[in-house]
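> Chains as they are written, first to last, in the working numbering: chain C, 1 to 328; chain A, 329 to 656.
Simulated from the structure, these hints should not be mistaken for lab results. A hint or two may mislead.
Stated by the list, open to error - Under the rule of at most 25 Å between Cα atoms (straight-line distance), these lysine to any residue pairs were calculated in the SDA-like manner:
| hint | chain 1 | residue 1 | chain 2 | residue 2 |
| --- | --- | --- | --- | --- |
| 1 | A | K359 | C | S173 |
| 2 | A | K474 | C | V28 |
| 3 | C | K22 | A | D457 |
| 4 | C | K146 | A | F435 |
| 5 | C | K33 | A | N485 |
| 6 | A | K601 | A | Q624 |
| 7 | A | K474 | C | K175 |
| 8 | C | K68 | A | Q466 |
| 9 | C | K175 | A | E364 |
| 10 | C | K146 | A | N392 |
| 11 | A | K503 | C | E34 |
| 12 | C | K135 | A | N357 |
| 13 | A | K614 | A | R581 |
| 14 | A | K503 | A | Q551 |
| 15 | A | K474 | C | S173 |
| 16 | C | K146 | A | Q551 |
| 17 | A | K396 | C | S133 |
| 18 | A | K601 | C | I43 |
| 19 | C | K199 | A | K474 |
| 20 | A | K359 | A | K453 |
| 21 | A | K350 | A | N392 |
| 22 | A | K641 | A | H332 |
| 23 | C | K33 | C | K146 |
| 24 | C | K175 | A | K453 |
| 25 | C | K31 | A | L413 |
| 26 | C | K31 | A | K503 |
To be verified - Below, a sample of chain A positions facing chain C; criterion: calculated Cβ distance under 7 Å:
| hint | residue |
| --- | --- |
| 27 | I418 |
| 28 | F452 |
| 29 | Q466 |
| 30 | N488 |
| 31 | D490 |
What the hints assert, rightly or not - Listed next, the stretches of chain A that the computed footprint assigns to chain C, with coverage defined by at least 3 CB atoms under 8 Å from CB atoms of chain C:
| hint | region |
| --- | --- |
| 32 | 356–370 |
| 33 | 439–447 |
No residue lacks a Cβ here, since even glycine has one placed at the ideal position from N, Cα and C.
Protein chains: 2
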Amino acid sequence: MNIHPMWKTYPELAKELNTTLKLMENSVNLKNKEVENAVMSMIHSGGKLLRPAYQLLFSQFGENRESKKAIALAAAIELLHTATLIHDDIVDDSDIRRSLPTIRSQFGNSTAVYAGDYLFVSCFKLLADYSSSLKSIQLNSRSMEKILSGELGQMDNRYNLDMTIDQYLENISGKTAELFSLSCFVGAYESGTSERFAKNCGQIGENIGIAFQIIDDVLDYTQSPEQIGKPVLEDVRQGIYSLPLLYALEEGRRTLLPYLEKGEALTDTETNKIYELVHSFGGVTKAQKLAEKYTQQALKGITKLPETSTDAKNKLFTITQAILARTN
Amino acid sequence: MNIHPMWKTYPELAKELNTTLKLMENSVNLKNKEVENAVMSMIHSGGKLLRPAYQLLFSQFGENRESKKAIALAAAIELLHTATLIHDDIVDDSDIRRSLPTIRSQFGNSTAVYAGDYLFVSCFKLLADYSSSLKSIQLNSRSMEKILSGELGQMDNRYNLDMTIDQYLENISGKTAELFSLSCFVGAYESGTSERFAKNCGQIGENIGIAFQIIDDVLDYTQSPEQIGKPVLEDVRQGIYSLPLLYALEEGRRTLLPYLEKGEALTDTETNKIYELVHSFGGVTKAQKLAEKYTQQALKGITKLPETSTDAKNKLFTITQAILARTN
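The following block holds chain C by itself, in its conformation from the complex (with noise of 0.2 Å):
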């Protein structure tokens, strides 16, 4: 078994996660075998598979689900994630994720980019293969495009202090939560429900990304790197602020404001005296209590889908709770 252990109390999901993986790793299938070997290890590298859940989850609400297909979809879509995350680490420059070295430290930007372009392909010939219609296509690219366009302009937001929590909840919009919008959406859409009801799907899919991303960015100032996989506060060096800082800088911005303006030149004590900071001007405090919010706001949604023979409502409930308690 090589998936998440959250997903043990779920058997038949858990099953076809499985099969999932599995079709993720077939479509991988490179002449240069450490590079497949790099892009295997990260496809087995402890991701929950949080969207693919999602995606199959949420397809169990149409008439026409088939399983073969809701299953290519979710691997689909968890193969644009990860090829999000090998360019991810380039922009980042970033050494480690989930514990392991990133492909760009193992084998070079160049490497890493091609690798990402190659699952980024991967992705759109499984959908080619396995879509009913051209729709799940335009939605998807649509949704790349939208995530793309957000991490361009992301850039432009480096070292920014004067960035305000709307253009931090615009950012982390596209970044994270729209490819679990489009989990939700293409879930329900593809196995046969309306086009509303599939766009209701993608608002609930919405608010779980945002509260995701705002936890994954409150885990930096609450775990430990070992915890977390990768060096504490990396993010902010590379100046790349995000809500817990954000909100700190309301209360406390001259107290922080020398730190921040020394950007890479940051030193370990530094970072750590930043940590201290935002926990002491109410900046966790503050983001827990908005990734809550967000998280009431998808659990309302998914209180008011419909029953299923499959239970999919509760699941839904029950594993949303789970993710987004991470802070607790």
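Let chain C serve as the given structure and place chain A on it in line with the hints.
What follows is chain A alone, placed relative to chain C:
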């Protein structure tokens, strides 16, 4: 008029190529206007639009040609090509292309990664919006997969002084010929020809592409840096050995090796020496001969095509002859 003057003699084609270019422009819509402008400049930097031209000409052999669709598919292929160029420039550390600064040299590798990704996605978006079936997306993604697997394979051959002519041909078959082949295949197939006929068109495209790449590699040894718009033998410094050099190595291995082993440390005087040696060991002449062989195969294939009311066959012959005569 934005397109290359070579199309002036073909007014209908020139008109469609202009619309292709416009559609490409309209596909790029980024928040970051600086990056958008750079991508636009790249689109306008005098590329010959050869792949779209072949696609549009081969689409004249089918019975169901729709100009709008043919143009959209042509734009998609050129977007794909542009995306690969942006990423290639990261991998090759290139500062200049077509006498313009590259995206990576203007904005850094990070922006170039996402900008290339964005064009990939724009390509699939166009395909999804204009294809009549999933077929051309399947074909495009399979071709892209082949191209990327080839690029990753080629990276293994860097600084490989034992690389064979066959390995070189395999590399360029993936790197360059695949996209020409795809253009010709998709052009014919999506206009309603039989798959068998379209495959023959794809084969013609493959021969054109191989001849084209060999000639491109020969130009590195016959033109000045100003003429080709990039520094002389930059590739050799980076361990990329092309056909003229590989042929020269067959004759003058002992003379050439001491230079090549210097790799990145090659001085300008030494690259000039390599340049001369490749000529004197007959590498350039032999490479020109092989290009000529593929050119003749392509032209032979074209002469066997059926007549159309649009005179596509003769246009293909003349254009192919013209672009593959660049060494003379």
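> State for each hint whether it applies.
Hint-by-hint comparison with the structure:
1. A:K359 with C:S173: 15 Å, holds
2. A:K474 with C:V28: 12 Å, holds
3. C:K22 with A:D457: 30 Å, violated
4. C:K146 with A:F435: 20 Å, holds
5. C:K33 with A:N485: 14 Å, holds
6. A:K601 with A:Q624: Violated - the C-alpha atoms of Q624 (chain A) and K601 (chain A) are around 32 Å apart, more than 25 Å.
7. A:K474 with C:K175: 29 Å, violated
8. C:K68 with A:Q466: Within the cut-off at roughly 18 Å; holds.
9. C:K175 with A:E364: At roughly 19 Å apart (the allowed maximum being 25 Å), E364 (chain A) and K175 (chain C) satisfy the hint.
10. C:K146 with A:N392: With Cα atoms ~34 Å apart, K146 (chain C) and N392 (chain A) exceed 25 Å; violated.
11. A:K503 with C:E34: Status holds; Cα separation ~20 Å.
12. C:K135 with A:N357: Distance of about 21 Å is within 25 Å: holds.
13. A:K614 with A:R581: 16 Å, holds
14. A:K503 with A:Q551: With Cα atoms ~22 Å apart, K503 (chain A) and Q551 (chain A) stay inside 25 Å; holds.
15. A:K474 with C:S173: At roughly 33 Å apart (the allowed maximum being 25 Å), S173 (chain C) and K474 (chain A) break the hint.
16. C:K146 with A:Q551: 42 Å, violated
17. A:K396 with C:S133: With a Cα-Cα distance of about 20 Å, the restraint between K396 (chain A) and S133 (chain C) holds, given a limit of 25 Å.
18. A:K601 with C:I43: 47 Å, violated
19. C:K199 with A:K474: 36 Å, violated
20. A:K359 with A:K453: 18 Å, holds
21. A:K350 with A:N392: Roughly 23 Å separates the two Cα atoms, so the pair holds.
22. A:K641 with A:H332: 21 Å, holds
23. C:K33 with C:K146: 33 Å, violated
24. C:K175 with A:K453: 19 Å, holds
25. C:K31 with A:L413: Satisfied, since the Cα-Cα distance of roughly 22 Å is no more than 25 Å.
26. C:K31 with A:K503: 14 Å, holds
27. I418: For I418 (chain A), the interface hint holds, since the closest Cβ of chain C sits about 5 Å away, which is under 7 Å.
28. F452: 4 Å, holds
29. Q466: 4 Å, holds
30. N488: 13 Å, violated
31. D490: 17 Å, violated
32. 356–370: holds (count 5)
33. 439–447: This one holds; 7 residues, not fewer than the three required, reach chain C with a Cβ under 8 Å.
Violated hints for the displayed structure, listed by number in ascending order: 3, 6, 7, 10, 15, 16, 18, 19, 23, 30 and 31.
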